[in-house]
Amino acid sequence: MQFKKKIIENLYKISSPERYTGNEWNSINKEWDPESLKVALAFPDVYEIGMSHLGLKILYHLINREENMLAERVYAPWQDMEELMKEEEIPLYTLESYHEIKDFDILGFTLQYEMSYTNILNMLDLSGLALYASEREDADPLIIAGGSTVFNSEPIADFIDLFFVGEAESLIIELLNEYQNLKAEALSKDEILKKLNKMPGVYVPSLYGEEYGNNGEILALNSAEGEKARVKKQVVKKLDRAFYPTDFIVPYRDTVHERVVLEISRGCTRSCRFCAAGMAYRPVRERSVERLLDLAEKALKSTGYDEISLTSLSTVDYTDAKNLIQKMTERFSDRMISISLSSLRVDKFSVELAEEVNKVRKTGLTFAPEAGTQRLRDVINKNISEEDIYSAARSAFENGWSKIKLYFMIGLPTETMEDVRGIAEMAQKIRDLGQEIRRNTKQRMRRIEVSVSVSTFVPKVFTPFQWHQMDDIETIIKKHDYLRDNIKGRSFSFSWNDPELSRLEGVLARGDRRLADVIVSAWEKGSRFEGWHECFKPRIWGEAFRENEIEPEEYLRERGAEEIFSWEKLDIGIPKTFLLKEYKNARQEVLIDDCRTAECHGCAVCGNFEVDLELVGGRRDELQN
Amino acid sequence: MNYRIKFAKLEDLMYISHLEVIKTLRRIIRRAELPAAFSQGYNPRINLAIGPPLAVGLISKGEYFDLELEVDLEPEQLLADLNSASPEDLRFLEAVKIPADIRSLSSLVDTAIYTINFNYREAKSLEEEKKMLEEFMNQEEIMIVRHRRKKSDRKIDLKERIFAAKIKAKNKWEFAVVTGSRGNVRPEELNRALREKHPEIKEFSPLQVVREGVFVKDEEKFKPPYTEKFIGS
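These protein sequences, in sequence, are chains E and U. Quick note: the first sequence uses full-length UniProt numbering, first residue 1, plus one each step. Quick note: the second sequence uses full-length UniProt numbering, first residue 1, plus one each step.
Derived from the structure by calculation, the hints contain no laboratory data.
Taking lysine-lysine and the DSSO-like style, the derived pairs with C-alpha atoms no more than 27 Å apart in a straight line are: (1) Lys202/U x Lys4/E; (2) Lys170/U x Lys6/E; (3) Lys13/E x Lys151/U.
Because the structure is a prediction, the values reported are computed rather than measured.
The whole structure should be built from the sequences, with the hints applied where relevant.
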């Protein structure tokens, strides 16, 4: 509180001051009862990115619902704000009560992207906390972390006291209560952590270690005596009954998602072999249509938004999608509420659904074929055919869309220049198709625009491709050059990721604990917001690797089938044998289909967690009959 | 029914930009479940017309917007509904029914009144302050350099842009300046001009400036834009 005046007085000096003032509608500023547990929820990127993160919204409201707890928010300050804070001696503070982070019992980070690791360090430092967990005092807040990149959090394990692995709704309140009780017993931090590690989903990294061989390989993973050998992730069993907030905070500033976000389902069993989320969030669980309508009604009333976004890993796979969308439009269209869909699949059905919600304004439509040839799409188990792609594109153009965005990856296993050529050819064919339809239609249609966005494939942990070698810089550049030369002209736009950024992401994504010192060096040299193209400084990282005598190439190479991985201290419930079999299937171009509609392929998640697919429309084969 | 509504934007919202205020107003109207009239077209929006922009970093006690509702609601009810769905530091103060076809706020409003709290290097008596203001206002011209985003700097004369100035109390000066389509004066520019003439004035922070409101200049008086004279059809 004591900083508020100083902050307000100085904010006019920096860009976007409303990132740092809070007081938004629906933000919860609870009274600071000395007895209550105080949690600062931190997102290691700027406000407008963090405010759009669904997991953080859920946690914020979930914790604040508890009488004996409060949760407040803090985001990474942009560089100009960091400078101001240092100049004016303002510590990192929360947006609700303007308390400094040190006043909290717990500081919890959301891990969403490897490139934000240096922001985590920066936020610890701006809070006046030591970076390494081992150097912090018992009186300092407990630093916890969780989220989608928790499945390989080894590179930052030295900085964090405790990770929660899996879906936090399931157990977070229990964990916080347990912490509160243990703290009341006046135990030391180490004792508390040891006790908390007994809870499911809790991973206290200081109780685990790894041994290295002479060639840098990992010889063994070990755990302290009496501790579980591996930490099993936690899942929500009945999503339809799980907590979901409706009183979302309404930011003043433009953010990524300025709308009611409804998570219609969680998990995806399409089994794309590159996809980390597809493996980590199994099985598929859907919320019921009635619940979703009720949530939408309440959220619209509470926020005043004029748009609902139906989100999930694959929205059109929702087994009652048509019905859901019809009911939503029926109920809300006369109130001038629009509905948007995220993550469309590349097929005609998706376009029909998009048409249903988007009767008036036809902005762009995005498809992700991921690979340019059928062979390579089979390798990654994308399960879409040429026919699907062109009929989706045809249907989109015929329904009046003129702008199509296509997402591809380069560097997938077994890729050759033939596959890269396939990307350019597909873009051209789709453009030609669009222009032909435009020539022949009686309706007015804007000029056809096809934008092609190519990212470099980064192998992710706990996927069938976790063994795969990443492309070297020269190969990535060669592929980019080819695509740039062959996707040009007025009707095309082509965008790609910085190859060095992708490679660094690759190092961190399959990294181990030896990278902690590298991350600290990079932070010391000024690394911040590396996920932002304009902030990425590869030179800094090069120096950081050299100073710590770490060879980044080591992390990007093809891994051996027998190798022990740093991240195997965790257990996502899918056996390594399944992933390895899938890697083999990939190289043999063998497809497997979705277990929602076909037989079980033995990923073992349902058995391991005693959960089942939660499908509101029944299995698709039943639906179609 | 059409309404002209006066609102205050206070400290917690002082860094919210003009466009963000408009967006927030639309959301408040939706949350209050007021039967607002929508614009026509592909992307229907709540029909709402706001007065001249308030710069980021300033608080104001008197901003305005016009709103059309599908029903005839008593102004008191409208205010209560709006306030119940609004953040504490965005307050709706006054609502007046207006005919549909009157002059818009943006063409009507031409004056902004600011009060500024001063700090001096050495304490000043009220008499001294009066003399300082007099000297300031009696200058032939009050030239300052205006910094413009993405454009070159420009020299402007504040003299013709300041309609009136007075000392309201000790350390508290009031300026009526032009605003809207006929020009603008930023408090920060006033500050610079004042310091140039009187270096003993310390730089003031945004917290020391209050926009008392926007007005319509009527001969030598400044009247609120819902005054009978301006809303009579």
